[in-house]
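Q: Listed here are the chains, written in short residue letters.
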Amino acid sequence: MTHEATSTVVTEVACPLCGHACDDLSVDTAGAALAVVAHGCDRAVSGFARLSAESSAATPRIAGRAASLDEACAEAARLLAASAQPVFGGMALDVSGARGAMELVDQAGGVIDHMNNEFGWRASRVVQDGGGIITTLAEVKNRADLILLVGTDAVSVQPRFFERCVWVKETMFDLQPASRRIVYLGGALDTTPGRSPDGRAPDVFDFDCSRMPEALSVLNALVAQQPVDGDAPLGIALARWQELADALLGAKYSVVVWEGSTFDMSQLDLNVGAIGSLVRRLNVITRCNSLPLAGNDGDLSMAAVHIWQTGYPMRTSYASGAPKFDPLHNGIERLLATGEADALVWLSSLNDLQAPPVTGMPTIVIAPPSLKLASEPQVYIPVATPGMHHTGHFVRTDKVVTLPLQALRKSALPAAGEVAVAIATRMKEVQS
Amino acid sequence: MSVIKLTGGRVIDPANGVDDQVRDLYIRDGRLIAAPDAHDRISAEYNISGRIVMSGAIDMHSHIGGGKVNIAREMLPEDHGGDPVERTDLTRSSCGHAAPGTLAAGYRYAEMGYTAAFEPALLPVNARQAHMEMGDTPMLDTGGYAMLGSDDFLLRMLAAKEDQQAINDYVAWTLHATQTVGIKVVNPGAISAFKFNQRKLDLDEQNAFYGITPREIVKVLSRAVHDLGVAKPLHVHASNLGVPGNVDTTLGTMDAAEGLPVHLTHIQFHSYGTEGERKFSSAAARIAEAINQKKNVSADVGQILFGQTVTASGDNMVQYRNAGHGSPKKSVIMDIECDAGCGVVPFKYKDQNFVNALQWAIGLEIFLMVDDPWRIFLTTDHPNGAPFTTYPHLIKLLMDRSFRSAMLDTINPDARAMSNLAGLDREYSLYEIAIMTRAGPAKLIGLADRGHLAPGAAADIVVYKEDADRERMFEKPELVFKDGELVVRDGRIVKVVRGGTHAVKPEFDIGIEKKIKPYFERFHSMRMNNFKISDDELCECGGGSRLMAHACRKRG
Ligand code: SF4
Ligand SMILES: [Zn+2]
Ligand SMILES: [Zn+2]
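Each protein sequence line maps, in turn, to chains Y and C.
For the first sequence, my numbering gives the first residue as 1, with consecutive numbering after it.
For the second sequence, my numbering gives the first residue as 1001, with consecutive numbering after it.
In case anyone wonders, no lab produced these hints; they're calculated from the structure.
Fair warning: there could be bad hints in the mix.
[Unchecked claim] Cut-off 25 Å, straight-line C-alpha distance, at most; resulting in silico cross-link-like pairs (DSS-like, lysine-lysine):
hint : chain 1 : residue 1 : chain 2 : residue 2
1    : Y       : 169       : C       : 1330
2    : Y       : 428       : C       : 1495
3    : Y       : 169       : C       : 1514
4    : Y       : 324       : C       : 1505
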């Protein structure tokens, strides 16, 4: 189905509502909210409708009372200037929002931690320890002959993964898309999307996902032609494991898909490290790549900007005037729980579902008007959403492709990045 | 109008044949003028008598932005802490040594008198990110060379024997779509070959799927760049990087351009022979002789300097092969979007290691044996050979023979014995340094109003205090002007500015999109229209930086 562009329907729209960043949506701009009329998954349809809805009633507030944007920024600047250790949470932003946030966190001497970063920083640490062999979506689409999904069904985080990367009409090379082999490692996953268009069921290694470290060590051993104990590791016949190892060795371009948040937190390093070993070992003989899924809530957009501007990933403190990276110390939950933080800034323009924690400390919320708050913050500033109300840029799951986000309907609200810069500017005025 | 006057400096301006002549310079509205007229008044005067004056330095090959650079930053937190940049009232905080943040990179380049830098391996599919990173690199004008040659679209065209005209249109379309100033090819065809599990690809070896050789790719791309009238010759990272004996491949690659302009990049890594006990030797003499003879060839050196750095390259085939030599031992290798690839491997060059020491000597040999400073460029392939902050040290090595000999005496003795460096007496002059770091790059890339100091030129000006210690001299210029504004004083930023983005705009037949659009829909993961970067979007990517568009005069 293609939806023709009309005077009110815009085609080839990029979607910032998950890390897949599909850019083929058709969006009708005529109504009171944006309507995704083609190529949107459920998340896109509801997200565009909710985030874009008319928001003329939304106004900044100081301690619950309506205020002008200027007054609200001034009050936020005052709170931040008075804070010894502010933390910046949420951070569901596009690149322009992240740029503004970086200016503010530097000025305020704070710490940034994205809402998904509890997994993100651990995945990043695995790269810092060993690296990885990684591929991107178009390579998967054209080359992957065997896709091994480790503890993830992909579609829970990126609903259109199979539609756009796997069960496509054709590939560039000698590979029939419908002939790809799909293997799930782990039980309780939605494996329906793994069924091929010609009705072939995927291969499911059904076991409790908390035993993933064992499963990966079995596979690693077999690929390395090492012996494995028992004739049914994790209750699955050894012959099936052996056959999978042989298939990986025989594949021309296998892809190992994983997603940090599906692993038990305490096993994340172990699992990601084991996937790295598996991929490295296979590459001695053939080609195999991992494909980490990320990018939801703009976590990769925020991470990318943070890294390129200052060199360090998030969880870096700017309190001393120079960046200090300490991911164990600078986690937002820890800083809030121990009381080391004394102010919270919640910045989000892409996620209106996750509310900031209630902390009892001075809180500044800069978020879409559709975000429901559990308690009234000291300062509240409603903002527009990139890709709906204003242009922007969004970093996709593979960290390589950045999609341009369009302005599809007008909003009187400012962009999150503009608000952050306005507060930083106010702080400079106050402090100089 | 108000005019800034620089009085009494010793001007070195090779583009205009000026070698150490005392001249007054006048700046109006960001540009040099011959002399003020009746409506002008001198608003500021700098007495710089006795000081050396050159135009702003231009780094024609430095990995300052894009996905692989950001991977390098992310994977090396241990690189950053020792080199912090503290926040001041003017500047933001940042850090990093071999893989610095963009803010640190911009400030440091400016503090060394650089006013422009070019990212040489901009993956078309990653162009937005590269421009965003360069946009967040303050102080500098930037630009990129778009990487082609392992992209499936081009390889399909070659396999289908499409004519040169169609290829020219695709190359021009890519330059427009990615907002770049030139084309680079990296290990021609081999990034694609690696995806088909080939582990090496010689100049005349075929890609297993397409049947295309590196030689054919260099030939059609150098022709396309030439025909389109793009000033910057095809930027070639040749096959077999780092392989002992690769000198023959490198010489063959020069010939693959069939007499058209061609630029061999980080040529030090491609100038190796197989002599000696360890089957690794310098082939600098053969390379230098070839450059001296073939007037269509230019090169930058990619000098290595000892210490910790990180190698970040589009050449995933070679980086995968070398990953085991990494220090610390970790690497990221990527296949990218049926477009390209990348590999990031941290590396520590050691002066007592035979191979590293000989690489150091080979780079210097090339510098000293190539006669024409207009065709050899001062680079360390930042950060692959060393971080760009080592340039003043490298300049001293080139200008000061006794310093060079003293350094040579300290390296691995077997490497020293294999090098003819001790016998090379040449000392670069300030005039030659100015060519290599300003006039030459501007001419090569086609920046008519940069790299020189004639009336009409952009007022990117650097004032140095003469110092026999050339490292000290080039480390900290006294004054740096960017587009007529004083931005650095005594090696410290005094004003933060945002540079512009250079891009070429060759003519082409937009009909090529009839082929490209369906290709994107069938095989790619994004739509053609979302791949292309418009002029307006470029400025947004750059955080508000301005586009400096360069027209091209068609030659084909
Ligand atoms: S899969 Fe993700 S990017 Fe694609 S339409 Fe759904 S929410 Fe948007
Ligand atoms: Zn290169
Ligand atoms: Zn390079």
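Q: With reference to the structure, classify each hint as holding or not holding.
A: Each hint tested on the structure:
no. : hint            : result
1   : 169/Y to 1330/C : violated (38 Å)
2   : 428/Y to 1495/C : holds (16 Å)
3   : 169/Y to 1514/C : holds (20 Å)
4   : 324/Y to 1505/C : violated (43 Å)
The structure fails to meet hints 1 and 4 from the earlier list, while all remaining hints are met.
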